[in-house]
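Next come the chains, spelled out residue by residue.
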Amino acid sequence: MLQAYLPQLLAGLWVTVQLALGAVVLGLVLGITGAAMKLSPVGPVRWIAETYTAIFRGLPELLTVLLVYFGGTVVLSALVGSYFEVSAFGAGVAALGITFGAYATEVFRGAILAIPKGQVEAAQAFGMSKLLAFRHVVLPQVWRIALPGLGNLFLVLLKDTALVSVVGLEDLMRQADIASRYTKQPFTFYMAAAFMYLGLTVITMAVLHVLEKRANRGQRRAAS
Amino acid sequence: MDMQVFLAAFPELLKGAWLTLQLVGVAILIGFTIALPVALLRVSANPWVRALPFAYIFFFRGTPLLVQMFLVYYGLSQFEAVRASFLWPVLREAYWCAIIAFSLNTAAYSAEILRGAIQAVPPGEIEAARALGMSRALTYRRVILPRAFRICLPAYGNEVILMIKSSALASTITLLDLTGMARKIIAVTYQPVETFAAAGVIYLVMIFLFATFLRWLEVKLHANRNPPPGMPN
Numbered sequence: 001m002l003q004a005y006l007p008q009l010l011a012g013l014w015v016t017v018q019l020a021l022g023a024v025v026l027g028l029v030l031g032i033t034g035a036a037m038k039l040s041p042v043g044p045v046r047w048i049a050e051t052y053t054a055i056f057r058g059l060p061e062l063l064t065v066l067l068v069y070f071g072g073t074v075v076l077s078a079l080v081g082s083y084f085e086v087s088a089f090g091a092g093v094a095a096l097g098i099t100f101g102a103y104a105t106e107v108f109r110g111a112i113l114a115i116p117k118g119q120v121e122a123a124q125a126f127g128m129s130k131l132l133a134f135r136h137v138v139l140p141q142v143w144r145i146a147l148p149g150l151g152n153l154f155l156v157l158l159k160d161t162a163l164v165s166v167v168g169l170e171d172l173m174r175q176a177d178i179a180s181r182y183t184k185q186p187f188t189f190y191m192a193a194a195f196m197y198l199g200l201t202v203i204t205m206a207v208l209h210v211l212e213k214r215a216n217r218g219q220r221r222a223a224s
Numbered sequence: 001m002d003m004q005v006f007l008a009a010f011p012e013l014l015k016g017a018w019l020t021l022q023l024v025g026v027a028i029l030i031g032f033t034i035a036l037p038v039a040l041l042r043v044s045a046n047p048w049v050r051a052l053p054f055a056y057i058f059f060f061r062g063t064p065l066l067v068q069m070f071l072v073y074y075g076l077s078q079f080e081a082v083r084a085s086f087l088w089p090v091l092r093e094a095y096w097c098a099i100i101a102f103s104l105n106t107a108a109y110s111a112e113i114l115r116g117a118i119q120a121v122p123p124g125e126i127e128a129a130r131a132l133g134m135s136r137a138l139t140y141r142r143v144i145l146p147r148a149f150r151i152c153l154p155a156y157g158n159e160v161i162l163m164i165k166s167s168a169l170a171s172t173i174t175l176l177d178l179t180g181m182a183r184k185i186i187a188v189t190y191q192p193v194e195t196f197a198a199a200g201v202i203y204l205v206m207i208f209l210f211a212t213f214l215r216w217l218e219v220k221l222h223a224n225r226n227p228p229p230g231m232p233n
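Heads up: the sequence lines are chains A and B, in that order. Counting with this note's numbering, you get residues 1 to 224 for the letters of the first sequence. Counting with this note's numbering, you get residues 1 to 233 for the letters of the second sequence.
There may be inaccurate statements among the hints.
[What the hints assert, rightly or not] Label pairs and their in silico Cβ distance ranges:
#, chain 1, residue 1, chain 2, residue 2, range
1, A, 216, B, 37, 34 to 44 Å
2, A, 202, B, 213, 45 to 55 Å
3, B, 128, A, 55, 42 to 52 Å
4, B, 189, A, 17, 43 to 53 Å
5, A, 143, B, 135, 49 to 59 Å
6, A, 77, B, 224, 51 to 61 Å
7, B, 54, A, 3, 22 to 32 Å
8, B, 216, A, 1, 53 to 63 Å
9, A, 48, B, 79, 24 to 34 Å
10, B, 79, A, 216, 46 to 56 Å
11, A, 3, B, 146, 33 to 43 Å
[To be verified] Calculated cross-link-like contacts (lysine-lysine; reagent style DSS-like; alpha-carbon spacing at most 30 Å):
#, chain 1, residue 1, chain 2, residue 2
12, A, 184, B, 184
13, B, 220, A, 159
14, A, 130, A, 117
[Claimed, not checked] Chain A regions said to be covered by chain B (calculated; three or more residues, Cβ under 8 Å):
#, segment
15, 35–47
16, 196–203
No lab work stands behind these hints: they were computed from the structure. For every residue, glycine included, the Cβ atom is placed at its ideal position computed from N, Cα and C.
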């Protein structure tokens, strides 16, 4: 029975992977922007970033997905002037990306603050502008420091992708749903989906381990 | 945004928020009760004893809560034995299925948090307890666990906040919690932005209040970190 539905489940798995990757790209962009804004000397810029993280770290992910999907359709229709439906995939990428970005802002902020101030001052003493120093001195190191935190956020994001099935996206969860309804074997199919998510988690953990090793190459470790 | 619709949603939504609090409260209580023995097994010196809690934690932390909840609510009914058993009146109810799934899920996360805290208790304190002639059980009760609770409080508080947010999933199995109530209102009024915004405000307030309580508790439990009364800071 499981074999007959395996192609559908795998197709759903692929949608889940695409959704997670799309959301993480959006989330990383929002996160680094949010962190730069939070460290800005300009008050209002900081407040915007503070409000963003306060709201989207406090809202349930499911509520954000529903808000973007149903609210997005209403708001965009009003803006465009005719009926405009947000796709479940687009809403999922946006909602999960926004949530990831809110948490990533804090991770990036911590990473930027962990870089010794003297390095930025040295760069400026060489005549680099603030932006250039940020790009050439701060950012390359931020990746190494932020990676463990971002990895954890990605593992959370991976599991949150299942929520987008609630608004009808044909991801792994939804395919398991459909199969269990047709076959009247919900336990079999939800368990199959559970093990596929578990597989994704294990693969992600392995990839993160490799990335972390790469990012830390050449780092001096305390002699033990 | 229509303020009228936004404000009108609150009375119904607060009823939903009450169910959310119930679900989270009961799940946290049961979850912690499960987490404690799981964490103790997890720090065992015997690798065979460690394996079972490891598998449990690995499964529940590696799969989405939505899948776990559907496994309990829809999945268990696949088995005739379950439907015939005396547990069926409980397992048939969405309310109890949500609580079972939430409890098992939060127990897995809490057990890891507790394990970390137990291992973070300074070895000197444990050795001192042994030197005073305390038995293993007494050392756990008087020294290790009280210390571990205080160490894990911030991390455990975060877990409770995550649970408040995750409880929104109950709305997918027909329960009228805060999110479920919002979806029910929207099905009638079709004003998703205002209604979800109102629900969002209630979630933010609940989480803010809990975070404030947590900070207060942390200060209270770490009395040694506070300056003595009457001393300048």
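Hint check:
1. The given range of 34 to 44 Å is respected by residue 216 of chain A and residue 37 of chain B, whose C-beta atoms sit roughly 37 Å from each other.
2. Between residue 202 of chain A and residue 213 of chain B the beta carbon distance is about 37 Å. The supplied range of 45 to 55 Å is therefore violated.
3. Judged by the Cβ atoms, the range 42 to 52 Å given for residue 128 of chain B and residue 55 of chain A holds: they are separated by roughly 47 Å.
4. A hinted range of 43 to 53 Å is violated for the C-beta pair residue 189 of chain B and residue 17 of chain A, which are about 37 Å apart.
5. Taken as a hint, the range 49 to 59 Å holds for the pair residue 143 of chain A and residue 135 of chain B, whose Cβ atoms sit roughly 50 Å apart.
6. Take residue 77 of chain A and residue 224 of chain B: their Cβ atoms lie about 59 Å apart, and the range 51 to 61 Å holds.
7. Taking 22 to 32 Å as the suggested C-beta distance range, the pair residue 54 of chain B and residue 3 of chain A conforms, at roughly 30 Å.
8. At about 54 Å, the CB distance of residue 216 of chain B to residue 1 of chain A agrees with the hint of 53 to 63 Å.
9. Checking the proposed 24 to 34 Å range against residue 48 of chain A and residue 79 of chain B shows it is violated: the Cβ atoms sit about 53 Å from each other.
10. A hinted range of 46 to 56 Å for the beta carbons of residue 79 of chain B and residue 216 of chain A is consistent with their spacing of about 48 Å.
11. Taken as a hint, the range 33 to 43 Å is violated for the pair residue 3 of chain A and residue 146 of chain B, whose Cβ atoms sit roughly 53 Å apart.
12. For the suggested pair residue 184 of chain A and residue 184 of chain B, the alpha carbons sit about 28 Å apart, so the restraint of at most 30 Å is met.
13. Straight-line distance between C-alpha atoms of residue 220 of chain B and residue 159 of chain A comes to about 36 Å, which puts the hinted pair past the 30 Å bound.
14. For the given pair, residue 130 of chain A sits about 13 Å from residue 117 of chain A by alpha-carbon distance, which is consistent with the 30 Å threshold.
15. As drawn, the segment 35–47 of chain A meets chain B at 0 residues by the rule of a beta-carbon pair under 8 Å; below three, the given contact is violated.
16. With 4 residues carrying a beta carbon less than 8 Å from a beta carbon of chain B, the segment 196–203 of chain A meets the three-residue requirement, and the given coverage holds.
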